[in-house]
Amino acid sequence: MTNAEKSGRPFVTRISGPVVTVKGMAGAAMYEVVRVGELGLVGEVVRQAGDLATVQVYEETSMLKPGAPVERTGAPLSLWLGPGLIGNIYDGVQRPLPALRALSGAWIKRGERADPLDAARRWTFEPLLKPGQEAAAGQAAGLVAETPLVTHKVLLPPGVSGRVRSAAGPGSYTINEPLAVIETAAGPVEIKMLQKWPVRLPRPARERRRVSVPLVTGQRIIDTFFPLGKGGCACIPGGFGTGKTITQHQLAKWSDAGIIIFIGCGERGNEMTEVLREFPKLKDPRTGRPLMERTILIANTSNMPVAAREISIYTGITMAEYYRDMGYDVAVFADSTSRWAEALREMSARLEEMPAEEGFPASLPARLAQFYERGGAVTTLGGEPASVSIVGAVSPPGGDFSEPVTQHTRRFTRVFWSLDTELANARHYPSINWLRSYSDYLDEVGESWEKTAPGWRALRDEAMEALQREEHYRQIARLVGPDSLPDSQRLHLFIGGMLRDGFLSQNAFDAEDAYCPLEKQAALLKIIMALSRGARDLIKGGTALAVISALPCVPAILRAKTAYPGGGPDGLERLAARVAEELAGLEKKNSGGEAA
Amino acid sequence: MNRVEDRGLEYLGASRIEGPLVVIERVRDAGFDELVEIVGPGGRPRLGRVLEISEERALVQVLEGTEGLSGSTVRARFLGESLRLPVSKSMLGRVFDGLGRPADGGPPPLSGDRRDVNGAPINPVARSYPREFIQTGISAIDGMNSLVRGQKLPIFSGNGLPHDRVCAQLVRQAKLPGENTEFSIVFAAMGVKRDVADFFMRDFAESGALGRVAMFLSLADAPGVERLLTPRAALTLAEHLAFDCGQHVLVVLTDMTNYCESLREVGTARGEIPGRKGYPGYLYSDLAAIYERAGRIEGSPGSITQTAILTMPSDDISHPVPDLTGYITEGQIVLDRELFQRGVYPPIAGLPSLSRLMKDGVGEGYTRADHPALASQLFACYAYVKRVRALADIIGEEELSAADKVYLKFGAAFERRFLTQGEREDRSIGATLDLGWEMLSLLPRDELRRVNEALLEKHYKGKTAPEAAKP
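Residue numbers (our numbering), protein chains in the order written: chain B, 1 to 596; chain H, 1001 to 1471.
Here chain B stands alone, though its shape is the one from the complex:
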């Protein structure tokens, strides 16, 4: 008998990879956190049967033995929430990776522990409460300048309301020092910067609101054609090499959300490193500050333990809700939800559950729905409008979109950015296929778009139609050759090409092109569609398409996305004027010719 068995403490009876059976666990709660073995490996109770509990362990279990002691913590896995999250990088169970590196070097050792937030650091606190006043849950007890971009509100946690008994004055405090005491119905409650929240439990808000503002990403095909609203959910499916990760990085870099949370879930180590090295150097186009000052990274790379991958997605979304409650628009990028679903499948197989489609657990759709439902536009408990937007990448095996993760994700998201292997092979990026993608937020965000660029919706629909026509005639041209088509039909191919090269493709690595403001998007599209209309009329009047496509303004339009013609925004206006002028020139020639 081992010591643990003799002392009546819980102990391990069976080990199969990350799944461990523990005896002596009567009275344990589902999802209670336990520490397994001498190393104190973190695990979570996922199933109970009388005295036995099944635990999923978030670290490697190599050389763990039956009889090893297990320590109960009595609490579910909870995150540390407070100032210091921004700019940090965590693994799936909120261990801060820079601190782990300082402890154990370049390799992540098992059982290593570090506080998620720096308990010694002092933050300058500016109180907002006075003793004697009434305060309600979600109200700010004070402010902390977390980074130059983020003002952190120290909120009264959900469920805590009452008269303020005492309140700390302005000054600098650590996350563990009391800042106020609230007399609640259940007794006095201390408010500190540090708050804990169970990672699987959604944080409450006062009410849901309608999505009405676009999340501006600076990506032309997204903002103009398939916009995502703040508080909306989008799905990016694509086979390998179609640019999911680059698209996600682009969105994380340039989205106009207040807080960005990037979850690298079961993806490549070097990609996380790229984000880590690049974000501090990149400047937010709106504020000029480094992007890292509004970003939290969760990195659970593909070779890190699979159970921690499962929870990483909840870690990210809980942090997002925490900042949402302060009134921020938060955007969460999960790359990739397929790896998360695979972690579910792997754990479910180890638990010997009956599999459903392709071995995934039958609960997969419910789990996906729960995750995406944590996104949304809300009024916070404090009464402010705020939102969590979610963009989930999906990596369908073999690029086949009929597989369960893609299919179920489609059910719970309203924007679908479908990545296309053929476009990616031709190095057309972002390789979002415009005919297969959709956005269900067009009406919702339309009002806001129209304010920036009057006539946006009509222009967008006109361009969409042009692209559909292009596809139609491309199919015909594929069979008979483009030269057998009359000019009036080949015009659609020409305009389609202009839209592809001059508008839809966008170079993420070009300093000028990486982020395209809405005004510029609208102006560019307007120019191309003006060319389209003008050309149509000219061809009706007998001008050859070859003459139109040889107009000197054509290459200028194609290059306008990377450089403003003439160096400034008014260059686009001049370009528009030039297009009109050159078209008019042909018109004159046409009618002149007829007269003669």
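Errors might be hidden in some of the hints.
[Claimed, not checked] One side of the interface only, derived from the structure: several residues of chain B facing chain H at Cβ under 8 Å:
1) P98
2) A106
3) W107
4) K109
5) G241
6) R277
7) R478
8) P482
In short, the hints are calculated from the structure, not lab data. Just so you know, even glycine gets a beta-carbon here, dropped at the ideal spot from N, CA and C.
Position chain H against the provided structure of chain B, taking the given hints into account.
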């Protein structure tokens, strides 16, 4: 050994033997993943490891096969630790078996440093981002799918395609332009034929590289389960060489498809619920644990660059093995049967090949300023060639427009002159890029929309477009 006193504890008899698995009853004080010595009637100990353990029994996977084992007489000894590999610099120039034991008749390497072959994940914060261009001397790779130091770039191939020759050429020629450091090579063979291993050995010998190569061979006739540890043993040595000794290591893993089949075999024997094509649901995580052991670490001068060869069953790139590999590795070099049959060597497919780290390792300050735009333009034009060819198949080449006919010419030249090169032809990056421009110069200048005017001015040598009617 942390528990030497337990080494004597021996269990007699197994309650079940099935495929590579043996069940031992009433095992005390053994751990998950622990190494086990199984002794059969012949007396030769075979290594195994614990896949699952409870208070009652241990499920042991025998790495060296279960042939001839008998349930009543089999003896098992638990060794008190998981599989460890002694590592040292002196292992370069040696040949080992699939479990890392000497197979060249030489003595075991002298080393007090014994490493867990499973390794540990590199903290992403500690990685440094790979961006030093490796010149392989192969235009299709250097020009369009550049490899950088610390990258994992597999070769997707098919049976009968010259992946071994391409890989050997890559290994032979790989260098950093303007630097004298040579790569150390760790070579792991999983389930390939003796001929293949001999081919590589001969090639290393001819190029004088043998002294800096360590080979781990689990050949086709070795028990399948052994293969599961071969890449892990090889990478454990590679990590030592790279991050303790500061060497630049090139790891060659061949053939990963065989590795995955062994994994499937064990999964099936355990009665696991199979995923796609019978492969276990954790294939992705398992492959990631191998492929992710590449890269660079901040503060360490060394690096691990990985190239894995895998043969796609029936040339199907959506087969689970290439598919999951492509999701983990930083791109792929795809060999194309059609090019091969037309006599193009190396038959590197233009479009599906990709290097994800290329964008940060080429261009100004790395290779040459025109490199990214040139590569992008070549891709776009070659993609168009494919479309024109498809069209020509339907309407006939004669019916194509004059512009499309030019593209056909470009396509032929691109395959015959840019892609094609000799097995011993080592092209410098400058030569590759100049050749690329020469190809683009076959096309009218106006077609080159992905390169800017300044670059065209400098490098374009073709005719400028015929003057179109201007207003």
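Which hints, by number, does the structure contradict? Nothing - there is no hint that the structure violates, so all of them hold.
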